[in-house]
Amino acid sequence: MSATAKKGAAKKDGANQPFIYRQFDQDKLRDALRKMYLIRQFEEGAEESYMRGLIHGTMHLSIGQEASAVGICLGLSDEDQITSTHRGHGHCIAKGADVSRMFAEFFGKTTGYCRGRGGSMHIADVSTGNLGANGIVGGGLPIAVGAALTAKKMKTGNVVVCFFGDGANNEGAFHEALNMAAIWKLPVVFVCENNGYGMSTSVARATAVPNIADRASAYAMPGVIVDGNVVSDVAEAMHEATERARNGEGPTLLECKTYRYRGHSKSDRNRYRTKEEIEEWMTERDPIEAFESQLMEFGVIDQNGIEEIRESVRKEIEAGIEFAKESPMPEVANLEKYVYTEQA
Amino acid sequence: MDAQVETATRELSYAQAIQEAMAIAMERDERVFLMGEDIGVYGGAFQVTGDLVERFGPDRVMDTPISELGGAGVAVGAAVTGMRPIFEFQFSDFATLAMEQIVNQAAKMRYMLGGAVSVPVVMRFPAGSGTGAAAQHSQSLEAWLGHVPGLKVIQPATPHDAKGMLLAAIEDPDPVMIYEHKILYKMKGEVPEGYYTVPIGKAEVRREGADLTIVATSIMVHKSLDAAKQLAEEGIDVEVIDLRTVRPMDRQTIIESVCKTSRLMCVYEGVKTLGVGAEISAMIAESEAFDYLDAPVVRLGGAETPIPYNPELEKATVPQVDGIVKAARELVTGAR
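Chains as they are written, first to last, in my numbering: chain Y, 1 to 344; chain G, 1 to 336.
Hints were generated in silico from the structure; no laboratory data involved.
These numbers come from a predicted model, not from an experiment.
To give an idea of the chain Y side of the interface with chain G (calculated C-beta under 8 Å), a few residues:
id	residue
1	C114
2	R117
3	H122
4	L131
5	V145
6	G172
In silico contact screen, one side only, chain Y against chain G (beta carbon under 7 Å); selected entries:
id	residue
7	G132
8	T150
9	Y338
Non-contacting residues of chain Y with respect to chain G, defined by C-beta distances greater than 12 Å in every case (computed):
id	residue
10	N16
11	F24
12	T201
13	P210
14	R244
15	T283
16	A319
Ideal placement from N, C-alpha and C gives every residue a C-beta, glycine not left out.
Whole structure, please, built from the sequences with the hints as guidance.
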């Protein structure tokens with residue numbers, strides 16, 4: 001396993017720089033790092049609040065997968081849309097959501113993005129183009145294709161990103177969605193975050209092909225594999241897929257190989273993988289550490305700058321939890337509100 | 001609901017009425033488009049879309065692959081993002097392949113997102129027995145979808161209502177499931193020209209009567225009206241209510257009728273147990289109409305069996321006019 005951060009670090013200038021250093025200005029790159037920290041600390045904060053009994057239900061943490069969420073969303077606008085998964089906190093933050101309203105949702109409060117009706121598994125911020133996490137594996141795939149159909153019909157020029165996990169590639173919805181997106185040449189990018197396990201079942205045991213991206217050939221679209229823990233590699237592949245989509249050339253299947261540090265959900269006893277395996281990913285391939293050292297290498301940020309980001313994120317998380325705690329609970333009398341659209 | 005601007009009427013079949021509603025909606029609103037299997041040049045398995053593809057082109061009358069789950073989900077995704085899709089299932093039975101998108105996504109998305117979105121999708125379901133198509137192409141599963149908060153489920157029984165309720169469904173901001181009985185497709189009736197809507201959630205008294213209330217759905221409205229005619233000759237005066245909407249159910253119209261007639265019979269094609277009739281019966285048992293009942297409530301529904309192929313067996317599976325007459329007579333005279 002190579003230390004991926006060193007990959008593009010041979011030269012500091014010119015055409016040999018990794019993609020993101022050519023594509024984005026330094027503020028944007030520092031903001032990308034900040035978002036990665038925001039995702040990690042948000043999830044750590046959510047986990048702690050759960051342990052302390054402030055949040056009920058369950059949650060699926062994406063700690064370790066931050067480079068994929070941030071790399072994919074780096075070049076998107078608020079008008080570009082995403083569909084997300086049960087492991088969707090990172091996508092929501094990467095797309096621009098406010099962590100205060102996310103915490104408020106997890107706390108079940110009226111100030112939450114879903115007014116306390118959705119929780120972690122349905123977190124969404126439609127105003128930044130996030131059509132929602134989904135409790136059904138593969139549930140978002142056809143919906144993303146439908147959103148892309150709207151983009152094509154209305155000629156908006158927007159791109160739709162469909163996040164899903166390795167588990168979803170064995171759902172029928174995956175195959176139906178990819179096929180339709182391909183025959184109609186829709187502006188959608190299918191992003192598989194392959195973290196190696198669908199709950200406890202490894203990809204090797206569940207999927208007949210070695211890579212999820214291998215399935216792209218069945219639907220006549222490019223299948224691209226990237227190291228999902230390297231922001232620049234993810235963003236570069238995403239850029240090509242987005243260009244292709246915007247040019248009317250149709251969908252791409254992009255596979256980000258990554259790893260989740262935590263269990264599947266809060267009920268996971270981690271019996272299906274070894275401590276050594278988890279340790280290796282955490283110490284050798286952590287996406288935030290890798291991105292940090294690369295940013296420092298290219299002179300985008302120094303140690304002080306990193307400290308400032310960590311500190312400001314820490315404050316934002318604290319304030320977010322405080323906001324959630326203080327926000328009002330929904331009234332039971334409003335239980336049935338939002339089942340149907342209120343009509344005059 | 002839009003104002004009624006009914007003009008001259010003429011006779012159309014139920015299928016033509018639905019086609020006309022879709023054509024009018026597409027003329028009025030460029031966000032409206034049709035999706036389904038073989039709805040383009042083929043014209044749909046029951047010729048409901050007919051030649052619409054020639055008028056509106058293949059981008060608005062979209063043939064889908066045989067992918068009910070994916071197709072329904074695409075319609076949901078398009079609806080959430082600003083379009084007004086109408087998705088045709090070739091047979092209502094195939095909704096079983098798409099239940100995930102209908103039940104988990106379309107029905108719940110607005111609620112799960114705390115009101116941040118609406119899902120204005122219409123899904124059309126050719127349903128019912130009587131075509132000799134046997135067990136997998138003849139079911140009436142409207143009660144399944146009627147059980148799901150977030151959906152609206154309608155069953156127009158006449159060409160007039162088919163057009164007006166479909167237009168209301170297309171205008172509706174929420175997912176509307178329209179169950180169309182295949183045997184009704186060829187039935188003719190007076191249909192106003194132009195745009196009009198028939199409200200969702202309102203039952204219609206098709207025949208007034210004093211001795212017995214029959215609440216019927218879809219094709220059973222016509223069978224019940226035929227039965228009522230025969231019963232009138234015997235001096236039994238039957239009120240026939242066309243339920244029209246399974247969810248949200250028009251409780252008031254039924255309660256008022258039962259308070260008047262003191263007897264209730266539910267007639268529907270779906271399997272009797274845990275069906276639409278169970279809901280109506282229970283609703284009456286919980287209402288002020290209960291005190292007015294002079295006899296137990298009777299349900300006539302589909303037999304507890306898959307729909308068989310043999311035509312005689314198929315007929316015996318669902319309520320027929322003779323059975324309705326017999327059951328109504330027993331209910332009314334038995335209580336006298």
